[in-house]
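Q: Given next are the chains, with one letter for each unit.
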Amino acid sequence: MTDVKVHDLVIVGAGPAALSCAIYTTREDIETLLYEKAVPGGLISTTDWVDNYPGFPDGIEGLTLGDNMRKQAERFGAVIELGEVMGLKKEGDIIRLDTTDGEVQARAVLIATGSGYKKIGVPGEDTYYARGVHYCATCDGAFYRDKRLVVVGGGNSAVQEAMFLTRFASHIDMLVRSDFRASDVLVKELEEKHRDKITVHKGVTTDEILGGDIDGMQKVTKVVGTDKATGKKVEFETDGVFVFVGLQPNTEFLKNTDVKLDEIGLVMSGEKLTTNVPGIYVAGDCRHDATLQIATAVGEGASAALYIREFLEGHL
Amino acid sequence: MAKNITIYTTTTCASCGMVKKWLSAKGHTYEEVNVDTEPHRQAEALAVSGAMTVPVTVVTREDDSQEVVIGFNLSKLAPALG
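First to last, the protein sequences are chains A and B.
For the first sequence, the tail end lands on 316 under the numbering used here, and the numbers increase by one without skipping.
For the second sequence, the tail end lands on 82 under the numbering used here, and the numbers increase by one without skipping.
Mixed in with the good hints, there may be bad ones.
Stated by the list, open to error - Quick list of simulated restraints, FRET-style, between CB atoms:
(1) Q218/A to P79/B: 26 to 32 angstroms
(2) D227/A to E62/B: 57 to 63 angstroms
(3) E310/A to K76/B: 39 to 45 angstroms
(4) D29/A to D64/B: 27 to 33 angstroms
(5) R61/B to R148/A: 37 to 43 angstroms
(6) D98/A to P79/B: 17 to 23 angstroms
(7) E189/A to N73/B: 31 to 37 angstroms
(8) E271/A to R41/B: 50 to 56 angstroms
(9) D64/B to G102/A: 30 to 36 angstroms
(10) P54/A to K76/B: 47 to 53 angstroms
(11) K76/B to R148/A: 44 to 50 angstroms
Claimed, not checked - Here are a few chain A residues that face chain B, going by a calculated C-beta distance under 8 angstroms:
(12) A38
(13) S45
(14) W49
(15) T127
(16) A130
(17) A142
As the list claims (entries may be wrong) - Computed list of lysine-lysine pairs in BS3-like fashion (alpha-carbon distance at most 30 angstroms, straight line):
(18) K71/A to K21/B
(19) K71/A to K20/B
(20) K20/B to K219/A
(21) K3/B to K255/A
(22) K76/B to K219/A
(23) K5/A to K21/B
(24) K118/A to K76/B
(25) K76/B to K255/A
(26) K147/A to K26/B
(27) K76/B to K71/A
(28) K5/A to K26/B
(29) K119/A to K26/B
(30) K147/A to K118/A
(31) K5/A to K76/B
(32) K118/A to K26/B
(33) K119/A to K20/B
(34) K89/A to K76/B
Just so you know, the hints here were simulated from the structure itself, not pulled from any lab data.
For every residue, glycine included, the Cβ atom is placed at its ideal position computed from N, Cα and C.
Between the sequences and the hints, there should be enough to build the whole structure, so can you do that?
A: Spelled out as structure tokens, the structure:
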């Protein structure tokens, strides 16, 4: 019978919290394996520009920041596997992870899977996905050169990505359900530099995405919303819709495990970033009460590394 | 075995970089079509995938049959390359 390697630490995810933790653990000679099902760097890798991460006075491209974090972790020996963790279970002192590469075993696990963009949940959104409905401006914006767009949302991502999309689109209608939740700096930039291309519609809900046959393909043609002040329906002719209405945790794989989640799927944590399962820790956007910032995710990742080291010292 | 691999990308797309990196790590060569710098080829990407998104990877096999993989989707990309 072949002995299965038991890793010191498996980190699920490879975003800022995960990579920060890996930089610390590998420097402490704690053997660290990360599992990432999408892009190392996480959600920041699909963000056009990051202006609020310390150390970069002029800001930095999200893709570059994520890639730099990956390189730094790998320099110290972190190993990133491109694959998916489908579930996990603790048996004795070992945590067994069910992955696309088969079973992987670890003494400690950090859940740092972050979050993805949430859907609006309106008719037409699924029907026209990638045929006019998008969640990644840096991926799909180029398909809308000289086209009209609708951007849904009023948070930092919505404002940031709407401004990015002006490099392609001829005009953008921005539908904000109530008022901006984005930082004043971003809103000011949008109002001062992009007023010619972006029209902001505050107090307008997004109710339905409609489409039709264009050049033999079903594509988005219109967004229907409601003006909350008047109660009247409003329509926006458009070639595409980019949705940035908040985040949802990437914790689907934990639903049938012993790890306790809150009602929206965020991982409950105790002191020292522990979960309810000894040896399993959590950091970053997928943690209940997380503040959803790159800087805080990085801080939590570093803290988790120190707590995990404490835990492993009693188990190595 | 793939006879030819074409990837449709944009300059700012993180997943596109991952597909390229993964293919290179597995020893595959590919042709890249960046629809940012070659916007006239967007229609080609759309026609082959039916989706206005990147990355789109088109794997052409020896018998000229094709497999189209949208996104950085290893569960589809790895089998497509045999």
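Q: Could you run down the list of hints and mark each one as holding or not?
A: Against the structure, the hints:
1. Q218/A to P79/B: 26 to 32 angstroms: holds (28 angstroms)
2. D227/A to E62/B: 57 to 63 angstroms: For E62/B against D227/A, whose Cβ atoms are near 58 angstroms apart, the range 57 to 63 angstroms holds.
3. E310/A to K76/B: 39 to 45 angstroms: holds (41 angstroms)
4. D29/A to D64/B: 27 to 33 angstroms: Violated - the Cβ-Cβ distance for D29/A and D64/B, about 52 angstroms, lies outside 27 to 33 angstroms.
5. R61/B to R148/A: 37 to 43 angstroms: At 40 angstroms between Cβs, range holds.
6. D98/A to P79/B: 17 to 23 angstroms: About 20 angstroms separates the Cβ atoms of D98/A and P79/B, which means 17 to 23 angstroms holds.
7. E189/A to N73/B: 31 to 37 angstroms: holds (35 angstroms)
8. E271/A to R41/B: 50 to 56 angstroms: holds (55 angstroms)
9. D64/B to G102/A: 30 to 36 angstroms: holds (34 angstroms)
10. P54/A to K76/B: 47 to 53 angstroms: violated (39 angstroms)
11. K76/B to R148/A: 44 to 50 angstroms: Roughly 32 angstroms apart at Cβ, these two residues miss the hinted range, so it is violated.
12. A38: holds (6 angstroms)
13. S45: Holds, because the Cβ-Cβ distance from S45/A to chain B comes to roughly 4 angstroms (cut-off 8 angstroms).
14. W49: Since chain B brings no Cβ nearer than about 10 angstroms to W49/A, farther than 8 angstroms, the hint is violated.
15. T127: violated (13 angstroms)
16. A130: Holds. Min distance 4 angstroms.
17. A142: holds (5 angstroms)
18. K71/A to K21/B: Holds, because 14 angstroms separates the two Cα atoms, which is no more than 30 angstroms.
19. K71/A to K20/B: holds (17 angstroms)
20. K20/B to K219/A: holds (29 angstroms)
21. K3/B to K255/A: violated (42 angstroms)
22. K76/B to K219/A: holds (25 angstroms)
23. K5/A to K21/B: Holds, because 27 angstroms separates the two Cα atoms, which is no more than 30 angstroms.
24. K118/A to K76/B: Measuring from Cα to Cα gives roughly 24 angstroms; hence the hint holds.
25. K76/B to K255/A: holds (25 angstroms)
26. K147/A to K26/B: Violated, because 38 angstroms separates the two Cα atoms, which is more than 30 angstroms.
27. K76/B to K71/A: Within the cut-off at roughly 27 angstroms; holds.
28. K5/A to K26/B: holds (24 angstroms)
29. K119/A to K26/B: Roughly 34 angstroms separates the two Cα atoms, so the pair is violated.
30. K147/A to K118/A: OK: K147/A and K118/A at ~24 angstroms, within 30 angstroms.
31. K5/A to K76/B: Holds: K5/A and K76/B sit about 28 angstroms apart, inside 30 angstroms.
32. K118/A to K26/B: Outside the cut-off at roughly 33 angstroms; violated.
33. K119/A to K20/B: With Cα atoms ~28 angstroms apart, K119/A and K20/B stay inside 30 angstroms; holds.
34. K89/A to K76/B: holds (27 angstroms)
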